[in-house]
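In the order they appear, the protein sequences are chains F and H.
Numbering-wise, the working numbering puts 225 at position 225 of the first sequence, and it's gapless, one number per residue.
Numbering-wise, the working numbering puts 133 at position 133 of the second sequence, and it's gapless, one number per residue.
It cannot be assumed that every hint is accurate.
[Stated by the list, open to error] Some chain H residues well away from chain F (every beta-carbon gap over 10 angstroms; in silico):
#1 D8
#2 Q15
#3 E89
#4 D99
#5 K128
#6 R132
[As the list claims (entries may be wrong)] For the chain H half of the interface with chain F, some residues (derived, Cβ under 8 angstroms), not all of them:
#7 P41
#8 K42
#9 T58
#10 P59
#11 I82
#12 N84
#13 D87
#14 V100
No lab work stands behind these hints, which were simulated from the structure alone.
Here the structure is a predicted model, which means the values were calculated and not measured.
C-beta atoms are modelled at their ideal positions from N, C-alpha and C, and glycine is treated no differently.
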Amino acid sequence: MPRGVGQMDMNQYLEVFIEESKEHLQACNEQLLELEKNPEDIAIVNEIFRSAHTLKGMSATMGYEDLAKLTHQMENVLDAIRNGKIKFNPEILDVVFLAVDDLEAMVQSIADGGDGKRDVSNVVAKLLLIENGESPANAEAKKEVAVAIAEKPQAAKSEYDEFELTVLQQSRDQGFETYEITVALRDDCLLKAARVFMIFEILEKIGEVIKANPSVDQLEEENFDQEFTITIVSKESNHDIQKKIMKVSEVDRVDVNIISLENLRQYEEQEVTDVTPEKNNHVEIENTSNEDQESKPEDKKAANTTKHSSSKTIRVNIERLDILLNLFEELVIDRGRLEQISRDLNNQELHETVERMSRTTGDLQNIILNMRMVPVETVFNRFPRMVRQLARDLNKKIDLEIIGAETELDRTVIDEIGDPLVHLIRNALDHGVETPEERKANGKSEVGTVVLKAYHSGNHVFIEIEDDGAGISRDKVLSKALSKGIVTEQAAASMTDSQVYELILASGFSTADKISAVSGRGVGLDVVKSTIESLGGSISIESKLGQGSVFSIQLPLTLSIISVMLTEIQQEKFAIPLSSIIETAIVKKTDILNAHNQQVIDFRGKVVPVLFLNEIFEVPVFEELEDEFYSVVIVRKGDKMAGLVVDSFIGQQEVVLKSLGNYLTNVFAISGATILGDGQVALIVDCNALIK
Amino acid sequence: MSEAVASDIKLIVFQLMNKEYAIPVNQVQSIEKVEHITRVPKTEKFIKGVINLRGVITPIIDLRSRFELEEAEVTESTRVIIVNFNDLEVGFIVDLANDVIDIPVESIEPPPEVVGVTEAEYINGVAKIGKRLLILIDLEKILIPEQLSNLGIEG
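Please model the entire structure based on the sequences and the hints provided.
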């Protein structure tokens with residue numbers, strides 16, 4: 001089959017191609033790391049080979065020559081390894097990793113709208129050297145043969161003509177069996193042409209393709225439903241052929257039938273008068289299915305066993321989910337409005353209906369938000385590679401352990417969290433884990449461990465990066481911070497350990513004695529902190545000198561619909577996110593104490609500063625409230641707390657978080673707005689900005 | 001503006017302090033009545049707050065205040081003109097908005113040079129139609145003044 005793309009409009013497949021390519025490359029990466037641990041395991045090589053092979057088929061179909069060329073060469077090397085022609089060694093692994101890097105770059109370029117072209121000659125040459133056992137010329141020749149064979153069936157008509165029958169007869173005389181193979185692709189198969197290409201590749205290895213129905217041209221242009229029939233001559237058993245074809249992904253069913261020439265001759269005589277291709281096609285399919293009946297149950301079983309691993313999913317563009325969420329947000333606003341109307345009218349029937357609707361929309365909300373959830377795996381899976389590379393660069397021995405990769409987070413959070421994690425892991429590797437010599441001297445094992453852990457807790461997801469390295473030295477951090485003018489001497493003396501550790505997240509801080517290329521540019525960690533805070537999360541650090549450190553990130557599950565406590569100040573309403581609230585309290589005016597220019601209250605034995613929101617937000621006064629009690633919302637940011645004084649609490653509510661738009665950016669202590677049930681806008685208080 | 005071919009430009013006309021101003025119709029998204037405006041603390045004086053415009057939070061600017069004119073009470077005729085400029089969606093409070101007219105492009109003259117009047121800084125040109133004098137406002141200068149980025153942020 002020729003590798004050209006023809007006039008096929010590939011754009012519609014591009015997205016699928018990119019997604020699948022990324023998945024296959026990720027699989028390659030993961031398996032290669034596996035292989036490094038178990039170099040003798042041929043099953044892993046097979047796994048990588050399969051991914052590379054699929055990738056080759058897809059990229060060739062899509063017309064990305066460089067991509068196909070490189071995967072082809074990679075495939076050859078892998079093939080040689082699994083056939084025991086060459087011995088696997090770390091050097092080979094490095095080159096294959098290099099090739100995967102190139103492939104990733106090419107796929108990325110395609111995803112960014114580029115042409116996916118890249119100079120791969122260097123890596124290809126290296127792969128060729130490795131492959132050495134088999135000369136490159138040989139491989140080239142093979143390819144040409146494949147093309148020649150593939151082109152032959154193009155000349156074939158729908159029926160077996162005299163020439164084909166003669167060929168079949170001759171092959172049979174030489175001990176070849178004739179098979180008619182009916183392949184059914186899965187209904188949701190998108191790159192049909194790619195699958196056809198892959199199936200032909202397999203067939204060309206085991207025998208000679210005599211005929212295809214529909215014709216190869218039509219197959220290539222995807223001018224067929226889900227099924228097509230190929231006639232080949234081969235010495236392999238029908239069972240083996242079936243198994244090999246089933247290896248191609250998205251193949252639903254493969255029926256392989258031995259056909260006798262006598263049957264064919266008869267056919268010819270029957271149909272020879274006037275055969276339209278369609279009619280012939282029809283009869284043939286019927287015929288195969290008749291002949292097929294006995295072998296079918298077995299085939300089905302085979303098909304089932306290969307299929308069970310893939311769960312039923314569909315790909316949905318994230319934009320559509322965003323639109324769905326937006327529409328749902330409108331519904332949440334209307335729900336709030338209805339709830340209010342029903343309260344006001346006090347009609348029992350209306351009340352019940354609204355109640356039921358609230359429950360249904362509540363379920364709907366869970367489902368929609370769940371749909372946007374992505375396992376953190378999608379971010380975590382690039383770290384093993386990174387850690388391996390970094391450990392090499394730094395001459396350290398490091399084991400990366402990943403726990404809870406299946407933990408799910410909102411897509412928006414996932415998209416943002418990657419870079420901060422990269423920074424933190426680099427930091428742990430560079431500044432945390434010591435060199436093997438140091439570790440040995442300190443009585444630790446030479447290999448350092450970095451644990452990346454994700455888990456759910458309440459309405460939050462926690463991601464922790466833990467290392468068993470040197471830990472953070474309080475004195476070192478403090479002296480550095482003092483010299484950089486980040487803290488004053490007095491402040492430093494009263495700081496808790498974790499407050500001191502958090503100084504390393506301040507801008508312009510770098511604790512490493514020498515600045516290395518890996519981390520320690522001193523710009524990274526403060527960016528980490530601000531990114532996480534912009535996502536509504538927080539970061540804290542624990543550390544024991546000589547034993548290691550834990551960086552703990554707390555993130556909200558979702559960003560778009562949040563629970564708030566609605567409060568009133570004069571005639572204005574302010575929403576305070578529940579995630580920041582510890583509790584609400586009613587405090588006597590006389591219980592408010594004065595401590596250096598700051599009013600405080602005693603809250604469960606702790607001294608908590610009190611902030612009057614009406615003063616902070618300069619709320620216009622319509623009526624003086626004479627009350628001997630204050631309504632206080634106790635909020636926190638990390639370990640720190642504050643009491644926000646409001647006039648009254650309205651209640652707890654689920655609201656849709658909206659931005660103030662492009663014009664009003666950086667409004668002090670306001671993180672956004674929401675639309676209330678009555679259609680009015682309430683501002684959402686940013687407690688992080690209020691607590692210093 | 002000096003094209004030889006006579007072409008018309010469609011303008012939305014509104015009033016401030018009995019003077020007539022105009023914005024090209026393609027920059028106007030809609031004209032609304034004044035509804036509840038939620039004040040946004042610690043912003044410029046001329047930013048009156050935000051409204052819920054069919055689910056979109058839209059900031060509202062009092063044009064009188066922006067031009068450093070005397071502010072007026074909201075009356076029956078007070079309108080909010082929602083403009084869309086460079087992805088900025090903002091509403092202007094005006095005294096009255098009641099006319100859409102077509103004027104020939106060449107009737108627009110450069111703004112008169114007056115020193116010391118704030119309003120003059122935000123003017124694109126003036127158009128004389130019979131006895132009426134229309135003042136064309138410059139959205140870019142109104143929405144993206146240099147000092148806004150310095151003054152608007154606190155803390």
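Tested hints:
At roughly 31 angstroms, the least C-beta separation between D8 (chain H) and chain F is larger than 10 angstroms, which holds for a residue marked as non-interface. Every CB of chain F is more than 10 angstroms from the CB of Q15 (chain H) (nearest about 24 angstroms), matching its label as outside the interface. Non-interface status of E89 (chain H) relative to chain F is broken: a Cβ of that chain comes within 10 angstroms, the nearest being about 6 angstroms off. Annotated as non-interface, D99 (chain H) keeps its C-beta farther than 10 angstroms from every C-beta of chain F; the closest such distance is 27 angstroms.
Against chain F, the non-interface label of K128 (chain H) holds: every CB pair exceeds 10 angstroms, the least being about 33 angstroms. The Cβ of R132 (chain H) sits about 31 angstroms from the closest Cβ of chain F, beyond the 10 angstroms cut-off, so the non-interface label holds. Checking P41 (chain H) against chain F by beta carbon gives a least distance of about 4 angstroms; that is within 8 angstroms, so the hint holds. With its C-beta approaching chain F no nearer than about 5 angstroms, K42 (chain H) sits inside the 8 angstroms limit, and its interface hint holds.
Interface hint at T58 (chain H): satisfied, since its Cβ lies 7 angstroms from the closest Cβ of chain F, which is below the 8 angstroms cut-off. Given the 8 angstroms rule on beta carbons, the hint for P59 (chain H) holds: about 5 angstroms separates it from the nearest Cβ of chain F. A cut of 8 angstroms between beta carbons decides the hint on I82 (chain H): the least distance to chain F is about 12 angstroms, and the hint is violated. The interface hint given for N84 (chain H) is violated, since its Cβ lies 11 angstroms from the closest Cβ of chain F, which is over the 8 angstroms cut-off.
With a least beta-carbon distance of about 6 angstroms to chain F, the hint placing D87 (chain H) at the interface is held under the 8 angstroms criterion. Checking V100 (chain H) against chain F by beta carbon gives a least distance of about 25 angstroms; that is not within 8 angstroms, so the hint is violated.
The structure does not agree with the numbered hints 3, 11, 12 and 14 stated previously, though it agrees with the rest.
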